[in-house]
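Protein chains: 2
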Amino acid sequence: MQQADYIIRGDYVLPMDESYSVIKDGAVAVKGEAIVDVGQYKDISKKYLSKKIIPGKNRAVLPGLINTHTHAAMVYFRGMADDLPLKEWLEKYIWPAESKWLSPEFVSDATELACLEMLKAGITTYSDMYFFEDASGNAAKKIGMRAVLGAGIVDFPTISGKNADEYLGNAEKFIEKWKGDELITPCIAPHSAYACGPETLKKIKKLADKHDVPIHIHLSETRWEVEDIQKKYGRRPIDHLYSLGLLYEKIVAVHCVWLDENEIQMLARHKVGVSHCIESNLKLGSGITPVPQMLRAGIKVAFGTDGAASNNDLNILSEMSTAAKVHKAVSNDPTVLDAKTALLMATRLGAEVLGLGKITGSLEKGKAADIVIMNLDKPHLTPLYDIYSHIAYSSMASDVESVFVNGKLVVVNRKPCSADEGEIISKAREWSRKIR
Amino acid sequence: MQQADYIIRGDYVLPMDESYSVIKDGAVAVKGEAIVDVGQYKDISKKYLSKKIIPGKNRAVLPGLINTHTHAAMVYFRGMADDLPLKEWLEKYIWPAESKWLSPEFVSDATELACLEMLKAGITTYSDMYFFEDASGNAAKKIGMRAVLGAGIVDFPTISGKNADEYLGNAEKFIEKWKGDELITPCIAPHSAYACGPETLKKIKKLADKHDVPIHIHLSETRWEVEDIQKKYGRRPIDHLYSLGLLYEKIVAVHCVWLDENEIQMLARHKVGVSHCIESNLKLGSGITPVPQMLRAGIKVAFGTDGAASNNDLNILSEMSTAAKVHKAVSNDPTVLDAKTALLMATRLGAEVLGLGKITGSLEKGKAADIVIMNLDKPHLTPLYDIYSHIAYSSMASDVESVFVNGKLVVVNRKPCSADEGEIISKAREWSRKIR
Chain A
1 MQQADYIIRG
11 DYVLPMDESY
21 SVIKDGAVAV
31 KGEAIVDVGQ
41 YKDISKKYLS
51 KKIIPGKNRA
61 VLPGLINTHT
71 HAAMVYFRGM
81 ADDLPLKEWL
91 EKYIWPAESK
101 WLSPEFVSDA
111 TELACLEMLK
121 AGITTYSDMY
131 FFEDASGNAA
141 KKIGMRAVLG
151 AGIVDFPTIS
161 GKNADEYLGN
171 AEKFIEKWKG
181 DELITPCIAP
191 HSAYACGPET
201 LKKIKKLADK
211 HDVPIHIHLS
221 ETRWEVEDIQ
231 KKYGRRPIDH
241 LYSLGLLYEK
251 IVAVHCVWLD
261 ENEIQMLARH
271 KVGVSHCIES
281 NLKLGSGITP
291 VPQMLRAGIK
301 VAFGTDGAAS
311 NNDLNILSEM
321 STAAKVHKAV
331 SNDPTVLDAK
341 TALLMATRLG
351 AEVLGLGKIT
361 GSLEKGKAAD
371 IVIMNLDKPH
381 LTPLYDIYSH
391 IAYSSMASDV
401 ESVFVNGKLV
411 VVNRKPCSAD
421 EGEIISKARE
431 WSRKIR
Chain V
1 MQQADYIIRG
11 DYVLPMDESY
21 SVIKDGAVAV
31 KGEAIVDVGQ
41 YKDISKKYLS
51 KKIIPGKNRA
61 VLPGLINTHT
71 HAAMVYFRGM
81 ADDLPLKEWL
91 EKYIWPAESK
101 WLSPEFVSDA
111 TELACLEMLK
121 AGITTYSDMY
131 FFEDASGNAA
141 KKIGMRAVLG
151 AGIVDFPTIS
161 GKNADEYLGN
171 AEKFIEKWKG
181 DELITPCIAP
191 HSAYACGPET
201 LKKIKKLADK
211 HDVPIHIHLS
221 ETRWEVEDIQ
231 KKYGRRPIDH
241 LYSLGLLYEK
251 IVAVHCVWLD
261 ENEIQMLARH
271 KVGVSHCIES
281 NLKLGSGITP
291 VPQMLRAGIK
301 VAFGTDGAAS
311 NNDLNILSEM
321 STAAKVHKAV
331 SNDPTVLDAK
341 TALLMATRLG
351 AEVLGLGKIT
361 GSLEKGKAAD
371 IVIMNLDKPH
381 LTPLYDIYSH
391 IAYSSMASDV
401 ESVFVNGKLV
411 VVNRKPCSAD
421 EGEIISKARE
431 WSRKIR
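From first to last, the protein sequence lines stand for chains A and V.
If you number the first sequence the way our numbering does, the last residue is 436 and the count never jumps.
If you number the second sequence the way our numbering does, the last residue is 436 and the count never jumps.
Because the hints were derived from the structure by calculation, they are not lab data.
Ideal placement from N, C-alpha and C gives every residue a C-beta, glycine not left out.
Mixed in with the good hints, there may be bad ones.
As the list claims (entries may be wrong) - Computed cross-link-like contacts, BS3-like style, restricted to lysine-lysine with a CA-CA straight-line distance of at most 27 Å:
id, chain 1, residue 1, chain 2, residue 2
1, A, K340, V, K415
2, V, K427, A, K57
3, V, K415, A, K57
4, A, K415, V, K434
5, V, K24, A, K57
6, A, K340, V, K92
7, A, K415, V, K427
8, V, K434, A, K340
9, A, K210, A, K231
10, V, K415, V, K57
11, V, K231, V, K92
12, A, K427, V, K24
13, V, K57, A, K427
Unchecked claim - Derived DEER-like restraints, expressed as beta-carbon distance ranges:
id, chain 1, residue 1, chain 2, residue 2, range
14, V, N138, A, K57, 27 to 37 Å
15, A, W224, V, A268, 28 to 38 Å
16, V, S19, A, E91, 42 to 52 Å
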C-alpha cells in the first residue's frame with residue numbers, strides 16, 4: 001500500500017484523456033501537488049492508503065476548467081455600462097474609470113474577487129491581460145489559483161506607464177520576478193496589433209524569445225480592427241503578425257472572430273492557439289467566430305470569459321453551453337461542437353493553448369492535482385443519462401462543490417479555504433461606492 | 001394600519017411596471033392571494049401590520065418569471081440524446097421512448113420534477129404542451145405552481161389517443177374539468193400545422209371559441225416546416241393559419257424562427273403572441289428568430305425553455321441571457337434587447353402572451369402574489385451598479401432564494417415547501433433506470 005494525501009471518489013470520474021473515458025465509481029489519488037493515480041475506486045482503494053477520502057455519491061470529478069482569457073480586475077466594473085456600442089462603452093465608461101481608479105491596490109482587491117468567482121465556478125487556471133500584474137499574481141497565489149499573467153503593453157500612455165519601452169521594461173521585471181513560480185506563469189500581453197505598432201511587436205517577440213514566455217494578444221476581434229490593420233499595413237491582421245514573426249506556437253490569439261479561410265489555414269499551420277470568448281463577442285455585437293471551421297483545421301481552440309465588464313461573469317460552464325448551442329445554429333448543424341468537444345475545449349485544450357498541457361487540463365498521473373468536484377444531486381441534473389451532456393448543457397457554476405488546485409483544497413462546500421468571502425465582497429462594495 | 005399576511009422587503013424591488021421603476025429599500029405587501037401594495041419599505045411599514053416580514057438586505061424582489069413554452073414531462077428524457085439532427089433525435093430516441101413510457105403516472109412524476117426545477121429557477125408560471133395533462137395539472141397544483149396546460153392534438157395515433165377526434169374529445173373534457181381553477185388555465189395545443197391538417201385546425205378553433213380558451217401551436221420552427229406547408233397548401237405557415245381563421249390574439253405561436261417581413265407584420269396586426277425558445281432553437285440547429293424585428297413591429301415576444309430534452313434545462317434566466325447576447329451579435333448591434341427588455345419579456349410580456357396579463361407578470365396592486373426573492377450576496381453578483389444588468393447577464397437560477405405563487409410560499413431558502421426534493425429526485429432516477 002502506498003500513502004496518498006487524498007482519495008477523491010466520484011460516481012463519474014472524467015479524466016478528459018485521449019479516449020474520453022468515463023470511470024464509473026472512480027477515484028483520483030493525490031499526493032503532494034500531483035495526481036498519482038486515476039482509476040476505479042475498488043482498485044485505487046487497494047493500492048493507496050489515505051486519511052482523507054472524499055466521498056463520491058452523486059458526484060462528478062473532472063479536471064479544473066481553464067479560462068484562457070480574462071481581465072480579472074475588471075470585475076469591479078461588472079455591469080457598470082451595458083448594452084452600448086463598443087466605442088461608447090470604452091471611451092465614455094471603461095477608459096475613464098480605469099484612468100481614475102487603477103492602482104496596484106485596486107488590481108489586488110478586484111483580482112481576489114475575480115479569483116473567488118472563478119474558483120467557485122470550477123475554474124482552476126486563468127489567463128490574464130491587464131496592468132499591475134504583480135498585484136494580480138499576489139492575489140491569485142493568496143487564494144490558491146493557477147494563472148498565466150500577461151503584463152499589458154500598448155503604444156500610448158496609461159496610468160501604468162508612459163510608452164511601449166516603459167511597459168516592456170516592466171514586463172521584463174515582471175517575468176524575471178515570477179518565472180519558475182509553482183502557480184504563476186508570466187507572459188507578455190500586447191493589447192492588439194492596432195494598439196501596438198510593428199516596432200513594439202518586434203521588441204515583444206525578442207523579449208518573449210529571450211525568456212521563453214508566451215505572448216497573448218487580442219486578434220481580429222471586430223470588423224473595424226481588420227479594416228484598420230488593412231488600411232495601415234496593407235495586410236489582414238493574421239498576415240500582419242506573420243510578417244513580423246509573431247505567428248508561432250507560443251502565441252495565444254484571443255477572439256479571432258473575423259477570419260477568412262486562408263487565415264484559418266495560417267493559424268493551423270503555425271500552431272497558434274485560439275481563445276474563444278463567445279459571450280463577450282455576442283454581447284458586444286462583435287460577431288460570431290468560425291469555431292467549427294477552426295477545429296476542423298486542427299487549431300486548438302479553448303474558452304475564455306473575457307473581462308466581467310463585457311460578459312458579465314467569469315463562468316466557463318456557461319461559455320461551453322453558449323458556444324455549443326450557438327455554433328450549431330450558425331452552422332445549421334446540431335452535431336457540431338458536441339458536449340464532449342465542449343468539455344475538451346474547457347479543460348485539456350485550454351491547458352494546451354496556454355502552454356500548460358503537461359501540467360494541467362486532464363486527470364492523468366503526474367499532472368498537477370487541479371480538480372473539480374461537482375454535485376449532481378440536484379433537480380436540474382436529474383435524471384442522468386450522459387454525464388458530458390449534463391456538464392455541457394445543464395450544469396451551473398453553483399453545482400461546483402469543492403475544488404483542488406495543485407493538490408491543495410481551495411474551495412470546500414462552496415466556501416474558499418484561504419480567503420474570507422464576506423470580506424472580499426465588502427471590499428468590492430466599498431470600491432464600487434467610490435467608482436459609481 | 002391594515003393587516004397583511006407578508007411584507008416582503010428588498011434592497012431592490014422591481015415591479016416591472018410601465019415605467020421600469022426600481023424601488024430601493026422597497027417592499028411588497030401581500031394579503032391572501034394578492035399583492036395589496038408595493039412601495040418603499042418606510043411607507044409600507046407605516047400602512048401595514050404583518051407578523052411575517054421577510055428581510056431584504058442584499059435581496060432583489062421581482063415578479064415570478066414566466067416560461068411560455070415547455071413540455072414539462074419531457075424532463076425525464078433530459079440528456080438522453082444530444083448533438084443529433086432533429087429527425088434522428090425524434091425518430092430514434094424521443095418518439096420510441098414516448099410510445100414506450102408515457103402514461104399518466106409518468107407525466108405526473110416527471111412534471112413534479114420539472115415544476116421543482118422551474119420554481120427553484122424563479123419560474124412561477126409555465127405553459128405546457130403534452131399529453132395526459134390532467135396528471136400534469138395535479139402535479140403542478142400539488143407543488144403550488146401556476147400553469148397554462150395545453151391538451152396536445154395531432155392527426156395520428158399516439159399512446160394517448162387514436163385520432164384528432166379522440167384528442168379533441170379529451171381536450172374538451174380537460175377544459176371543462178379545469179376551467180375556473182385558481183392556478184391552472186386549460187388550453188388547446190395542436191402540435192403544428194404539419195401535424196394537424198386544416199380540418200383539425202378548424203375544429204380546434206371552434207372548440208377554443210366555445211370555451212374561450214387560448215391555442216398554443218409550434219409555428220415556423222424549421223426551414224423544413226415552411227417548405228412542407230408551402231408544398232401542401234401553397235402558402236407559408238402564417239398565411240396558412242390566417243386562411244383557417246387561426247391568426248388572432250388568443251394564439252400563442254411558439255418558435256417563429258422562419259418569418260419573412262410580411263409574416264412579421266401579419267403577426268403584429270393580428271396580435272399573436274410569440275414564445276421565443278432560443279436555447280432549443282440554437283441547440284437543435286433550427287435557426288435564429290428575428291426577435292428584434294418582431295419587437296420593433298410591436299409583437300409581444302416572451303421566453304420559453306421548450307422541453308428539457310432539447311435544451312437541456314428549464315431556466316428562463318439563462319434564456320434571457322442567451323437571447324440578449326445572441327440577438328446583439330446577429331443584429332451587429334449591442335444596443336438591441338437590452339437588460340430591461342429581456343426582463344420585461346421574462347415577466348410582464350410572458351404573462352400577456354399567455355393571456356394572464358391581468359393576473360401575473362408584474363408586482364402591482366391587485367395582481368396575484370407571484371414573487372421571486374433573489375439573493376445578491378454572491379461574488380458573481382458583486383459589485384452592483386445596475387440591477388437589471390445583473391439579473392439579465394450575471395444571475396444564475398441558484399440565486400433564487402424564495403418564491404411565492406398566488407400568495408403562498410412555495411420555495412424557502414431553495415427548498416420546496418410542499419414537496420420532498422429527495423423523493424422527487426429518487427423517483428426520477430427509478431424511471432430513468434427503466435428508460436435507459
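Right, here's what the structure says about each hint:
1. A:K340 to V:K415: violated (32 Å)
2. V:K427 to A:K57: holds (17 Å)
3. V:K415 to A:K57: holds (21 Å)
4. A:K415 to V:K434: Violated, because 37 Å separates the two Cα atoms, which is more than 27 Å.
5. V:K24 to A:K57: violated (43 Å)
6. A:K340 to V:K92: With Cα atoms ~21 Å apart, K340 of chain A and K92 of chain V stay inside 27 Å; holds.
7. A:K415 to V:K427: violated (31 Å)
8. V:K434 to A:K340: Measuring from Cα to Cα gives roughly 25 Å; hence the hint holds.
9. A:K210 to A:K231: violated (32 Å)
10. V:K415 to V:K57: holds (20 Å)
11. V:K231 to V:K92: Answer holds: K231 of chain V to K92 of chain V is near 26 Å, not above 27 Å.
12. A:K427 to V:K24: holds (21 Å)
13. V:K57 to A:K427: Judged against 27 Å, a Cα distance of about 17 Å means the pair holds.
14. V:N138 to A:K57: 27 to 37 Å: Since the Cβ atoms of N138 of chain V and K57 of chain A sit about 32 Å apart, the hinted range of 27 to 37 Å holds.
15. A:W224 to V:A268: 28 to 38 Å: holds (34 Å)
16. V:S19 to A:E91: 42 to 52 Å: violated (30 Å)
When held up to the earlier numbered hints, the structure conflicts with 1, 4, 5, 7, 9, 16 and fits the remainder.
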